[in-house]
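Chemist: Residue strings, one per chain:
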Amino acid sequence: MRWRNLKVIISNASSDPIYIQIMNQIRQSILNGELHAGDSLPSIRQLAKDLQVSVITTKRAYEELEKEKLIDSVVGKGCFVSGANKEFIREQRMKRLEEKMIEIIQESQEIGMTQQEVVDYLTLLYEEEQQS
Amino acid sequence: MNALEVRNLTKAYPQFKVDQISLDVKRGYITGLIGPNGVGKSTLIKMMLGMVRPDSGTVRILGCEMPAQEVEVKQRIGVVSDDCFYYEHLSIRDMQQMIAPFYRKWSHHTFNRYLEQFELSPNMKIETLSKGMKVKFSLAVALSHEAELLIMDEPTSGLDPVFRRELLDLLANILQDEHNSIIFSTHITTDLDRIADYIAFINRGKLVFSEAKDSLLERYAIVKGDLQLLDSDIRKLFVGMRETAVGFEGLVEDRQQAAQLFGEHVILDKATLEDIMYYTAKGGRIHA
Amino acid sequence: MLNLLRKDFIALKSSLWMTLLFLVVFSVAFIPKLEVSLYLVGIYTAFASLNLGTMIDIKNHNHKFLVTLPVNRKQLVQAKYIAAIIYTLFGVFASYGIHTLVTFAMPELHKPEYSAIDLLAPIGIMLILSAIYMPLFYSLSKKGAAIINVVFMIILIGLAQPTAIVMNMVKEKGISDDPMLILVLIGVLLLFAASYFLTVHLFKRKDF
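Quick note, the sequences are listed as chains A, B and C, same order.
When you line the first sequence up against the working numbering, it's residues 1 to 132, in that order.
When you line the second sequence up against the working numbering, it's residues 1001 to 1288, in that order.
When you line the third sequence up against the working numbering, it's residues 2001 to 2208, in that order.
If you are wondering where the hints come from, they were derived from the structure by calculation, not from laboratory data.
The C-beta atom is built at its ideal place from N, Cα and C for all residues, glycine as well.
Warning: the hint list may mix true and false statements.
Stated by the list, open to error - These stretches of chain C come out as covered by chain B in the derived footprint (C-beta under 8 Å, 3 or more residues):
| id | region |
| --- | --- |
| 1 | 2003 to 2017 |
| 2 | 2064 to 2074 |
Said to hold, decoys possible - A short list of chain C residues far from chain B (calculated; beta carbon distances all over 10 Å):
| id | residue |
| --- | --- |
| 3 | P2032 |
| 4 | I2056 |
| 5 | N2060 |
| 6 | H2061 |
| 7 | A2116 |
| 8 | L2129 |
Just chain A, with the same shape it has in the complex (with noise of 0.2 Å):
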């Protein structure tokens, strides 16, 4: 499939809707930077015949995304991941980083580590994967 970094999974057990669904997938696979701005969607249609739902249930998931200013529409071209909510998009991201950090401290304080410590570690890998 073209769109390989886009992954959407369907569960008939879910109390959620199934635009609901596919909208939080998207949605969760362009904050976490799985999708970038600018890579193409499969249509409204070709999705539809992918997951074997309906076309109006695609369809509604696009709109809600469109209103959210994470995708765009262009007639004839499809749609893409919009460039357009850069901020949201970050606070977004910031916001998940919060969290990780938060478990990461959660995490070294039950292993008895300083902040000194977790600061140093934090740094030394930083270096690392920076070299690499």
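Assemble the complex: chain A is given as a structure, and chains B and C must be docked to it using the hints.
Modeler: This is chains B and C only, laid out in the frame that chain A set:
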């Protein structure tokens, strides 16, 4: 833009009546026509196609008046039915030679490709085909002349589950072109649970509703609970209900109202099309 | 229109030999015995072929399929009337051909010289028969149509002898004066046309 518009279609028979049905099939979508057997689905479709003369009412297909412009309309539609009456003694190849010249846009290439995909050999005689194979053949015919509207009357009833799934893919393929539309009548609603965009429900010759499937499934709900919760006012909220010694299960039309009313006392489940069809058709109270 | 005739041809492909069989059987049955065998062989062959051509469409309720094709009911009826004319011409000319052969090969049968009127008469009779048969066929159900076919065949066989006598009488009196002949001809054509419009009307009202 509608692919098909039916207005006040009526036909009375001694035993039953198709009564004042008005219905739109939107272009670019799949509309499922559901209802129990023998409630007028087939008669309705036959009236759309001009096979049965309505007592009153009008039909427009792809912007053309029926039956005045039926020749033009039939060039642009495909008909798939579980009782399509071909010449039994002919082979598939003969039938193809017979049918092809009638259509402006017939493609031998497409037809042969579908035969291959459906595992039909051109040498097979029509009389040797199983019901499912006949549906496949009539599907191949319908798909080989660039039909913009596919009218399918109970196409899946003779098909095995494997091909029914394949059919859903085929239909989705046809809908990749947003000018194409499909109307699909069935009493097996699981086919439509997945891919239908709109659902029209016919019961006892009348149209019960015609609306987007998603909003339908969000609106209706199945309520399961203890018999003690029921009194005559509460019963009225239910479209239909099934009561047993250990509890009740019923269909409500307004999920939110039910959620507020019953709160934590009941289980609120998603309704399937089959649930909606079953409880509406049965109505009232069902003792099992 | 051509497509509809082509459709008949394809559907009848495997039973075309039946038409030839009719021709042979009726020839053997009538030529040695009856003087008006030219008429009878032509009419019987033509009518039996028409029977084949109409029954093929209802054998398996095929009208239900035909009405889904991009044609209207008027065209379906039209094609059958044209087919009836073709069967008529085929039957009569084939009969004429056989009689010409017989005159050469078996002069002892004393077949008479045939004139144009001897060809026109069976054509006219066949057109009248078709004009009566077609509205019945198109307005009746499958079972009814099958019964009508049998009834027509019985009538035809039963009437062979009386027809022969009448024809001989008519021939001796001679209707071959021109105004009369033209009048009869116009009458037959009008009847055939009226039958066509009636059939279209009846068939349009039918539900499948």
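Chemist: All the hints need checking, so say for each whether the structure fits it.
Modeler: Structure-based check of each hint:
1. 2003 to 2017: holds (count 7)
2. 2064 to 2074: holds (count 8)
3. P2032: With a cut-off of 10 Å, P2032 of chain C remains clear of chain B, as the shortest Cβ separation is near 35 Å.
4. I2056: For I2056 of chain C, whose nearest Cβ neighbour in chain B is about 7 Å away, the distance does not exceed 10 Å, so it is violated.
5. N2060: violated (5 Å)
6. H2061: At about 5 Å from chain B, H2061 of chain C fails to clear the 10 Å cut-off, so the statement is violated.
7. A2116: The claim stands: A2116 of chain C keeps its Cβ more than 10 Å from every Cβ of chain B (closest is about 37 Å).
8. L2129: Correct as stated: the minimum Cβ-Cβ distance to chain B is 26 Å, above 10 Å.
Hint violations for this structure: numbers 4, 5 and 6, all remaining hints satisfied.
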